[in-house]
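Undergrad: Go ahead and model the full structure; you've got the sequences and the hints to work with.
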Amino acid sequence: MNGREARGRLRTTVEQGGVVIGAGAGTGLSAKCAEAGGVDLIIIYNSGRYRMAGRGSLAGLLPYGDANAIVVEMAGEVLPVVRSTPVLAGVCGTDPFRIMPHFLDRLAAMGFAGVQNFPTVGLFDGVFRQNLEETGMGYDLEVEMIRLAAERGLLTAPYVFDPEQARAMAAAGADVLVPHLGLTTKGSIGATTAVTLDQAVERVQEMRDAAAEVNPDVLVLCHGGPIAEPEDAAYVLAHTTGVVGFFGASSMERLPTEVAITEQARAFKSITTSGGVATKGDTPAHP
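Its first residue numbered 1, the sequence shown is counted upward by one per residue in the working numbering.
Keep in mind the hints are simulated off the structure, nothing from the lab.
Backbone N, C-alpha and C define an ideal beta-carbon position, used for all residues, glycine too.
Incorrect hints may appear among the rest.
As the list claims (entries may be wrong) - Computed beta-carbon distance windows for the label pairs: (1) Gly17 - Asn131: 45 to 51 Å; (2) Glu15 - Ile261: 35 to 41 Å; (3) Asp140 - Gln16: 32 to 38 Å; (4) Leu62 - Gln16: 38 to 44 Å; (5) Gly276 - Asp217: 58 to 64 Å.
TA: Below is the structure:
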């Protein structure tokens, strides 16, 4: 599926009153299951691999591997098993070792319908972030990457972190805007520091409104921080205007995997030597 077809499908979903759901996938199985669940977008990037290896998502922002090479490698696992859902590549737009127009052309030729800016320097702050900006590795390169992708007809779904970035990405041609509220909470490797849901509502609305000033047709999805479960996303959508969906990465594959495997292991471990399954409160017998 190409970018034009993907844009058309998303618009149709919104026009029919549906909610747009994007899912991050770190493995082919995650992507396959997300598609079976009916998601509208699948996004793959290096943090997905680290996440499903039991490491925190922020590993994707540290020098543990070549982010753009990893997403190309992941494509071989994910693209062949996704049948009809648009797949987006997480692109490190600040990568000084890629000729970005050529790299984007390569991704399109591989079968990606679009791109997202990840890893992103938007998750860095303080003096380190200031130094990145001062030394030519700033967020403006991510905006430029989205502009180049839009020129090529790719679906663009960038992360933004404040109203100014929302305006810049909308002006660059973003089709979908994803206000990022920080590392997802909950689970064994989730963050414990995050804004509240009500603060999330305010921040998402501010970024949506800023983007809409530039392009009223931009689609806005919420992501990250305290928005970890379906009821969290439902709360944000119910208390904002013009926000049409949710993009989940940890919340879409890490948290469900943690719960499902843990509970299945407990169920097997509760089998008694008589062949039954212990009920809650029983102490399983051991041979």
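Undergrad: Does each hint hold? Answer for all of them.
TA: Hints and how they fare:
| no. | hint | verdict |
| --- | --- | --- |
| 1 | Gly17 - Asn131: 45 to 51 Å | holds, 46 Å |
| 2 | Glu15 - Ile261: 35 to 41 Å | holds, 38 Å |
| 3 | Asp140 - Gln16: 32 to 38 Å | holds, 36 Å |
| 4 | Leu62 - Gln16: 38 to 44 Å | holds, 41 Å |
| 5 | Gly276 - Asp217: 58 to 64 Å | holds, 59 Å |
When the structure is compared with the earlier hints, no violation turns up for any of them.
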